[in-house]
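Novice: One-letter residues, chain by chain:
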Amino acid sequence: MTRAHFKKTHLKRSLIKLLQTVLILLATLIMLVPILWIFLAAFKNHIDVFQLKLLFTPTLQNFLTVFEAPYHLGQKLINSTIVAFVTVLIAIPIATMAAYSFSRFKLVGETAMLVTILATQFVPAVVIVLPFFVMFRDVGLLDTRIGLVLVNLAIVMPFAIWMIKGFIDGIPIDTEEAAMVDGSSRLQVIRNIVLPMAAPGLLTAGIFCFIIAWNEFLFALILTNREAVTLPIGLALFKAEEGDLWNLLSAAGIIIMVPMFVLALLIRKYFVQGMTMGAVR
Amino acid sequence: MASVSLRNLTKRWGSFVGVDNQSIDIADREFLVLLGPSGCGKTTTMRMIAGLEEPTDGEIWIGDQLVNDALPKDRDVAMVFQNYGLYPHMTVYDNIAYPLKVRDTPKENIAPRVQRAAEQVELSGFLDRKPKELSGGQRQRVALARAIVRTPQLFLMDEPLSNLDAKLRVSMRAELKHLSRELKITTVYVTHDQIEAMTLADRVAVMKDGVIQQLGTPDEIYDDPQNLFVAGFIGSPAMNLVNGSIANGVFSSADGTPMVNIDADDCSSVTLGVRADDVTAIDKGQGFTDAVVYAYENTGENTLLTVLCGGQRIIVRGDRHLRKEQDEVIGITLNAANLYLFDPESGLRLRDTGVRDNRSR
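As they're listed, the protein sequences go chains A and B.
Under the working numbering, the first sequence has 71 at position 71, and the numbering climbs by one with no breaks.
Counting from 1 along the second sequence, just add 281 to a position and that's the residue number in the working numbering.
If you're looking for bench data, these hints aren't it; they were derived computationally from the structure.
Heads up, some of the hints might be wrong.
[As the list claims (entries may be wrong)] Subject to a maximum C-alpha distance of 25 Å in a straight line, what follows is the list of computed SDA-like cross-link-like pairs (lysine to any residue): (1) A:106 x B:338; (2) B:411 x A:199; (3) A:53 x A:239; (4) B:411 x B:465; (5) B:413 x A:48; (6) B:605 x B:504; (7) A:106 x B:335; (8) B:382 x A:239; (9) B:411 x B:384; (10) B:411 x A:106; (11) B:458 x B:504; (12) B:388 x A:268; (13) A:106 x B:364; (14) A:106 x B:291; (15) B:411 x A:268; (16) A:106 x A:48; (17) B:448 x B:384; (18) B:489 x B:516; (19) A:106 x B:334; (20) B:411 x A:239; (21) B:411 x A:172; (22) B:411 x B:393; (23) B:411 x A:170; (24) B:489 x B:444; (25) B:565 x B:604; (26) B:413 x B:391; (27) A:239 x A:48.
Quantities reported herein were computed from a predicted structural model and do not represent experimental measurements.
Bound-form chain B, shown alone (with noise of 0.2 Å):
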């Protein structure tokens, strides 16, 4: 068990920059998610500290060990991969056992923590198989076990769940949240989808073009995000944006319809986020505006409406019994207790810049 972290680190393929100059310091037994797009750098991030990828600069500090020049073996970690990386000629069992084994641990203690490991992710019945004989989860279950099976400083994850269907997704992820807390071990994260990120997370780095955008817990970046890109992209579905302009207290969309009262400053250029929960949908002229239902859907325990407001697309959660046709106007009206503004040039969140953001803390 160990903190880690990374002081100025980056990687460059000659002028293309994959992680540029990050820094981060990662608690011992703190479950850090690297969150971003795909090219972002997170996989990058994390093949530098499993030391896979050779940082162009900075430093990598695992405990109190600097590791940057150390072989991948030598680091103690271990590593779940996103295609799982089994090894098809050897058993369950070889496979669990492989990192033991190849670490010259005795004999004699192998097998007890092969099947201990094996139990711990259900696949005690499965050890003579072969890789090719498991299902997709059974695979992914072979190679968390193969990472568990020592205890290691710090494990590393690339994505382990994208590979699976929906619907074991969530099982997996649910299983890994209550491994990793059992377990108590340091562990990083990558995975682009945002719903991972919040459920399994301790804390989440969202990356962009090789840069950490924000680094909090995941209510931090869900309730405060700092920029449109963070806004953008934790929620789901996203959060609405609009550009559109404050004047005399009320927010206008860019083609000049009024569309919530806010307490701000005149602005001549703004873009303003709101979450689709933060919208209600009501009767026609009930609303502070009027919009035309784009799109209603049922997803079952709710309901999305994407409705035409001011020339732009906002999506409105509303209650499962909710009923609307597409092309009924409807009202519809903005919690201006949950509002944020961004500044669209720069993407980042007005907070004192003269304009008073709502949500500011």
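This is chain A alone, in the form it adopts within the complex (with noise of 0.2 Å):
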């Protein structure tokens, strides 16, 4: 290779990366901007919500006023934690043992079954809401968090099982092989080897759908309308005769997001740890 043809495609190369780095930054710039806005208006007053200058006298009276008269969030954010927890604590230990089965047993129907859990998931939700509005009418689960709780479970179940089998099949059967020849019962294997090696994935899959059910907006929206009432749907609130109060509005948004990026930075870190490295080979 010549010396200018090196020098060619050093250059090129340099070139697309810089193309690529412009782009990154294009791209997280548009998903960023409005949560930098939002972080913006919570600190600042009502009159300066409009202006877009980056200099204005910070003030945390926003996150006060959310949670007095007549907003109440603190409501809300109880709701919402106490439903999103629960349904993790019910879903997680259901999904673990069904993804179990279909990862190491041969089940009658097996393809059958994970697939209408899958397609379960593609059913709009908006399809479904009505009737289940006219069931918990009937049996007075309406506004309830136990309502909430069982439609959460619901939405979340398919996808922690497709995930928590993900994680199951990357188990080496000959570990669990392993252990049944030491001495272990079909039970002691799972406890001993089987959950102890899926943790990280049974901790993601535990925080991917905390997400799922802390952000979940329409069936909260119609199911609920005072007491079981959640965080995305307290944020309507804030629609005043006078406008939208956006400053308050975006106070409230933070106390939603904030969780939500510190479990997204512990995901992150159980994400790429390989816990089945050294157990074959």
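Put the complex together from the two separate chains, hints included.
Specialist: Okay, here's the thing in structure tokens:
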């Protein structure tokens, strides 16, 4: 290879790299600008909100106001937290059992079941929200946290089963067989070997489910009105006669987003952790 | 410690037959090697003994117990897996201790036994490590230590050395042999490597297509193969097999080249077997017949000559000072005292069919 040629390819490579960086920055900017706007608005006074200046007197008043009457965001925060936590606490153990069975046993109609479970994810929520409303009204589950937990379970379970099945598929069967020959029953194998090895996967699935339940909007909107209202629905409270209260809306928005950011960071850490490394070969 | 008895053992998946109605009696303290190419049913046989695979038919006896319906944990066996099957979330110590813990061994007995097992496989300094911090050979030792930490009735080893590099394999093989003679526990060992089988086994069962082709000591398998498959599978390089015919006490290859004088009746179609060590390479015109050198290989400890003779390739082992060039014409002589005759149709050794096979006993 001649020196000129080498220089040329080198230049080409740097150009492509530059282009990549620019594109990534652009995409990030498009996604982050609204969030940045919300962050700024949350610390502004009502009158500053519509001015796009970066220099203003920041205030924490918005974060206090949203917890006061008539907004009572605290109640909604508690509802959201309880609903999301209980959903995850029920979903993960059940999904783990289902995923283990799908992964390790030959079941009758296994493929059909798996596809059906996945297919439920493709049904538009709007289509089934009214039947849910009618059913919940008849059994008295409207505007209850239990009702919301049930709905959220229906939403996250297929997702959790598929995700955890993927993690369990990744555990070498040799390891389980070794444990069985070493003297474990099937349940001991699951408790001593599978669960610890799948732990990062279970945690990741749990956090994903938590995020889905936390952000769930449509069902909560239709199925609650006073007692069980969650945070995303609570945002609607800030539409007042004098217009949208953007500063309060933004403060509430941050309260919804910050736990998600923290959880997303946690997942990232566990997502890349290769737990099966060293089990075989 | 126990004997093992497989009676009419069969494993089928649909129409595919993995193991076909096989019976073996393995004596107490015996080291039995199941040897064969991949897909021959050797691993399936072992997995059925371990209880990881359910036999379609037949009986498995360990000691005086019929274990067909027993769970793996109730069979009192220890197994070493090809991929080791270590527990990656546990330290080496916990890996080795697991069979004891899960069987409710009193706590005070666990530590000394783990220590002893670790010493036996020279792992004492690594007990705090996780498997991923170990080399392949060390992982293999952990798997071994986990198997010997208890005193099971039976050891099962499924190609335990096949993931190691060639050099490590040789040294681990010697260690395994040493350990097995020290522990004196009945062992079933699966491998496709005939050298492992020859070196480790008390007896070897050569398998193909779910059927045991021959069961015998390494010497019997090597010196007295019962059929073409065993003859071609055992030995490195494999036995030379030449198709041809016998007329007037001379064996000629298929294209009519006379190759060796043989004390046998006439036969129009026969396969002659001769090991590389039983063919001598000398100067052109000096041997029984001439041959052209197809390839010359020097392995260091000896030399291998592949020659073309009678339209077929024959491998000759020479001493380490032998030097030949490709395409050189040389003479070869087959050792008439060490020849084998097979029926090319059935593959069976010809012993009592009118043809006198020099090696028949």
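Novice: Take the hints in turn and mark each one as holding or not.
Specialist: Hint by hint, here is what the structure shows:
1. Between residue 106 of chain A and residue 338 of chain B the CA atoms are separated by roughly 21 Å; this keeps the pair inside 25 Å, and the hint holds.
2. Straight-line distance between C-alpha atoms of residue 411 of chain B and residue 199 of chain A comes to about 17 Å, which keeps the hinted pair within the 25 Å bound.
3. Using a Cα cut-off of 25 Å, the hinted pair residue 53 of chain A and residue 239 of chain A holds, with the two alpha carbons roughly 24 Å apart.
4. For the hint pairing residue 411 of chain B with residue 465 of chain B, the CA-to-CA distance comes to about 30 Å; that exceeds 25 Å, so the pair is violated.
5. Distance restraint check for residue 413 of chain B and residue 48 of chain A: the Cα-Cα separation of roughly 57 Å exceeds the 25 Å cut-off, and the hinted pair is therefore not satisfied.
6. Annotation: proposed proximity of residue 605 of chain B to residue 504 of chain B is violated, straight-line Cα distance about 29 Å (limit 25 Å).
7. For the given pair, residue 106 of chain A sits about 14 Å from residue 335 of chain B by alpha-carbon distance, which is consistent with the 25 Å threshold.
8. Our distance criterion of 25 Å between C-alpha atoms is broken by residue 382 of chain B and residue 239 of chain A, whose separation comes to about 63 Å.
9. At most 25 Å may separate the alpha-carbon atoms for a hinted pair to count; residue 411 of chain B and residue 384 of chain B meet this at roughly 22 Å.
10. Using a Cα cut-off of 25 Å, the hinted pair residue 411 of chain B and residue 106 of chain A is violated, with the two alpha carbons roughly 32 Å apart.
11. Proximity of residue 458 of chain B to residue 504 of chain B is assessed by CA-CA distance (about 22 Å); at most 25 Å being required, the pair is judged to hold.
12. Proximity of residue 388 of chain B to residue 268 of chain A is assessed by CA-CA distance (about 39 Å); at most 25 Å being required, the pair is judged violated.
13. Annotation: proposed proximity of residue 106 of chain A to residue 364 of chain B holds, straight-line Cα distance about 23 Å (limit 25 Å).
14. For the given pair, residue 106 of chain A sits about 21 Å from residue 291 of chain B by alpha-carbon distance, which is consistent with the 25 Å threshold.
15. Our distance criterion of 25 Å between C-alpha atoms is met by residue 411 of chain B and residue 268 of chain A, whose separation comes to about 23 Å.
16. Distance restraint check for residue 106 of chain A and residue 48 of chain A: the Cα-Cα separation of roughly 63 Å exceeds the 25 Å cut-off, and the hinted pair is therefore not satisfied.
17. Distance check on the hinted pair: residue 448 of chain B and residue 384 of chain B sit about 36 Å apart at the alpha-carbon level, beyond 25 Å; violated.
18. Restraint check for residue 489 of chain B and residue 516 of chain B: the C-alpha separation of about 16 Å stays at or below 25 Å, so the hint holds.
19. Proximity of residue 106 of chain A to residue 334 of chain B is assessed by CA-CA distance (about 14 Å); at most 25 Å being required, the pair is judged to hold.
20. Using a Cα cut-off of 25 Å, the hinted pair residue 411 of chain B and residue 239 of chain A is violated, with the two alpha carbons roughly 57 Å apart.
21. Note on residue 411 of chain B and residue 172 of chain A: the hinted pairing holds, with a Cα-Cα distance of about 17 Å set against a maximum of 25 Å.
22. Restraint check for residue 411 of chain B and residue 393 of chain B: the C-alpha separation of about 20 Å stays at or below 25 Å, so the hint holds.
23. Between residue 411 of chain B and residue 170 of chain A the CA atoms are separated by roughly 19 Å; this keeps the pair inside 25 Å, and the hint holds.
24. Simply put, residue 489 of chain B and residue 444 of chain B have alpha-carbon atoms about 22 Å apart, close enough for the 25 Å limit, and the pair holds.
25. Distance restraint check for residue 565 of chain B and residue 604 of chain B: the Cα-Cα separation of roughly 14 Å lies within the 25 Å cut-off, and the hinted pair is therefore satisfied.
26. For the hint linking residue 413 of chain B to residue 391 of chain B, the alpha-carbon distance of about 24 Å falls within 25 Å, and the restraint holds.
27. Taking the CA atoms of residue 239 of chain A and residue 48 of chain A, the gap is about 18 Å. The hint holds against a cut of 25 Å.
Comparing the model with each earlier hint shows violations of hints 4, 5, 6, 8, 10, 12, 16, 17, 20; every other hint is respected.
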